[in-house]
Amino acid sequence: MSGQSAFTTAVLHADRPVPVGLIDPKGRPAGKRFDVYRNNVVISLRKALETGFPVLRKLVGDDFFAAMAELYVRNPPPTSPLLMHYGRDIPAFLEHFPYAAHLPYLPDVARLELALRHSYHAADIAPIAPENLALDEATLARATLTLAPAMALLRSRYPVASLWHANTDQPNLKVPDRGENVLITRPEYDPVVQILPAGGGVFVEALQQGHSIQHAAERASAAIANFDLAGVLGMLIAGHAITGVTIG
Amino acid sequence: MLDHRISTLPADVGVGYKPQHFPDIMRDAAPVKWLEVHAENYVGDGGRPLAQLRHLAERFPISVHGVGLSIGGEGPLDDEHLGRLRHLVDWLKPASFSEHLAWSTHDTHFLNDLLPLPYDQPTLDRVCAHIDQVQTALGRRMLLENPSTYLAFADSTMSETDFLREIVARTDCGLLLDVNNVYVSCTNQQTDPVAYLADFPLQAVGEIHLGGHDTDHDEYGAPLLIDSHAAEVVDPVWRLYEHVLELAGPKPTLIEWDTDVPAWNVLASEARRATYIMNGVRAA
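Protein sequence lines correspond, in order, to chains A and B.
The opening residue of the first sequence carries number 1 in the working numbering; numbering runs sequentially from there.
The opening residue of the second sequence carries number 1 in the working numbering; numbering runs sequentially from there.
Rather than coming from a laboratory, the hints here were simulated on the basis of the structure.
Note that the Cβ used here is the ideal one computed from N, Cα and C, for glycine as well.
Certain hints may be false.
DEER-style ranges, computed between Cβ atoms [unchecked claim]:
1. Q133/B x P17/A: 45 to 51 Å
2. V261/B x I224/A: 45 to 51 Å
3. Q208/A x T108/B: 26 to 32 Å
4. A30/B x Q208/A: 57 to 63 Å
5. F64/A x Q190/B: 39 to 45 Å
6. Q133/B x G27/A: 33 to 39 Å
7. P54/A x A30/B: 30 to 36 Å
8. L71/A x D258/B: 42 to 48 Å
9. P17/A x P250/B: 43 to 49 Å
10. A169/B x A67/A: 26 to 32 Å
11. P250/B x Q208/A: 30 to 36 Å
Taking lysine-lysine and the DSS-like style, the derived pairs with C-alpha atoms no more than 27 Å apart in a straight line are [stated by the list, open to error]:
12. K18/B x K58/A
13. K58/A x K47/A
14. K47/A x K18/B
15. K33/B x K93/B
16. K32/A x K47/A
17. K18/B x K33/B
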């Protein structure tokens, strides 16, 4: 095994012996000196997760989060030096993490926080001017929309947006007991978390798949009565989420 | 075509840029004259980080400091990451690009720490090849930073300063002299930092770093200093810094504070102290 293979294995596993040939100034085998690297690796990656998942951490508590992070960071370590996207596999990890089985909404909370980070760093594409959507009804219905890379949709069986708000900007919010379709937009530089009205999840998902406004609205109306098309389009426009319109 | 200057940073004091200081810096950055950013935080597609960096670059010389390229890695450099760095350097045209004499990636595993290298011939050959590759890809000379070390390799066949001198001779790169790292490493290796500096190829230095460290002991009670960038620069490091400037003349100098980042005025006061020392050496 090469020097850096042995070093990597030992740095990630505190129960493995320190590789031979690593010494202190007196030539004695490095013990605690090697542990500095062990600590740096695990703590720095744990801190990156703490920065990336503040609401998840608040929901499970600092000790639980730290214990989870200790397992996650080794299993396996990140594959990219871009820690801005580190933790992509946290939702899948949580789905199979037995100690979190009683909190089934955690994977979706993690997905929401990942989506927020992605939105924060997404490309800046200018939104179309609202007057570009001032078309006659028949033309508009045929139109397909290009959506901003900073926009995201999260359809959850759990009230993830309410959980997120209750643990960030709305501490007194009463979290309802139902699923939520969450729209993330980035009007300028700060991503915004909003709950879509009924049918909104079906509608935005259809737009993302490239369907026309009319087709997307029909899908939403098939799912619920009184789908608020104007309201959802208004949220997308206000959130600078529409970057192009194509008349089919 | 290589830009032959190792750095166009001014011989003044800069600080590591933290987004929470953006309003303070735009209001009144004095005495700070330039800023350094970690490359890896500015290779996203867009959003606030890049918008802020574009604003800052209109007013200040910018130094790009990579922390994830793993120049000392046994494996090949990450081409995708090198491409991201090239893109950043191409549009930003920073006054300086620097990286570390260390490794952080092995077999695609990124360990997010600056890990140590044995100073021997195979390592020297590999590091030089990687620096050549970086300088060719970026179309400019880079600065290589001396590490903080906590242990040594029984297999090392040369000193760190000989190793660095050899790298400079073979690759024509410049050096980033981190004076706190000198103090941390020499304390940990029980060697004399003044002797280390006497042996350091100072003519290749394009930038100096100053930062804080934590204090601990190993299992035998020997001092074990840990580079943390989480505190003020300590007095012995300030004295070494003055000594370096007396030997090498004024150099672009950075205050690094990356963890438990303080309010702007604390950082500015560290920058003022460095400026005071540099002005003193200039006047002497």
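Kindly confirm whether 43 to 49 Å is satisfied by the beta carbon distance between P17/A and P250/B. holds (48 Å)
Could one say that the CB atoms of Q208/A and T108/B fall in the range 26 to 32 Å? holds (31 Å)
Q133/B and P17/A, beta-carbon distance inside 45 to 51 Å? Given range 45 to 51 Å: violated, Cβ gap about 34 Å.
If I claimed the Cβ atoms of A30/B and Q208/A lie 57 to 63 Å apart, would that claim hold in this structure? Because 49 Å falls outside the window, the suggested range is violated.
Would the pair K18/B and K58/A pass a check requiring their Cα atoms to be no farther apart than 27 Å? holds (24 Å)
Straight-line Cα separation of K32/A and K47/A no greater than 27 Å? At roughly 22 Å apart (the allowed maximum being 27 Å), K47/A and K32/A satisfy the hint.
Do Q133/B and G27/A keep their Cβ atoms within the hinted range of 33 to 39 Å? Roughly 35 Å apart at Cβ, these two residues keep to the hinted range, so it holds.
Distance restraint evaluation - P250/B, Q208/A, Cβ atoms, bounds 30 to 36 Å: Since P250/B and Q208/A have Cβ atoms about 56 Å apart, the given range 30 to 36 Å is violated.
Would the pair K33/B and K93/B pass a check requiring their Cα atoms to be no farther apart than 27 Å? holds (17 Å)
Does 42 to 48 Å hold as the CB distance between L71/A and D258/B, or does it fail? violated (26 Å)
C-beta pair P54/A, A30/B: status relative to the range 30 to 36 Å that was hinted: holds (34 Å)
Take the C-beta atom of V261/B and the C-beta atom of I224/A, compute their distance, and say whether it sits inside 45 to 51 Å. holds (48 Å)
Of the numbered hints listed earlier, those contradicted by the structure are 1, 4, 8, 10 and 11.
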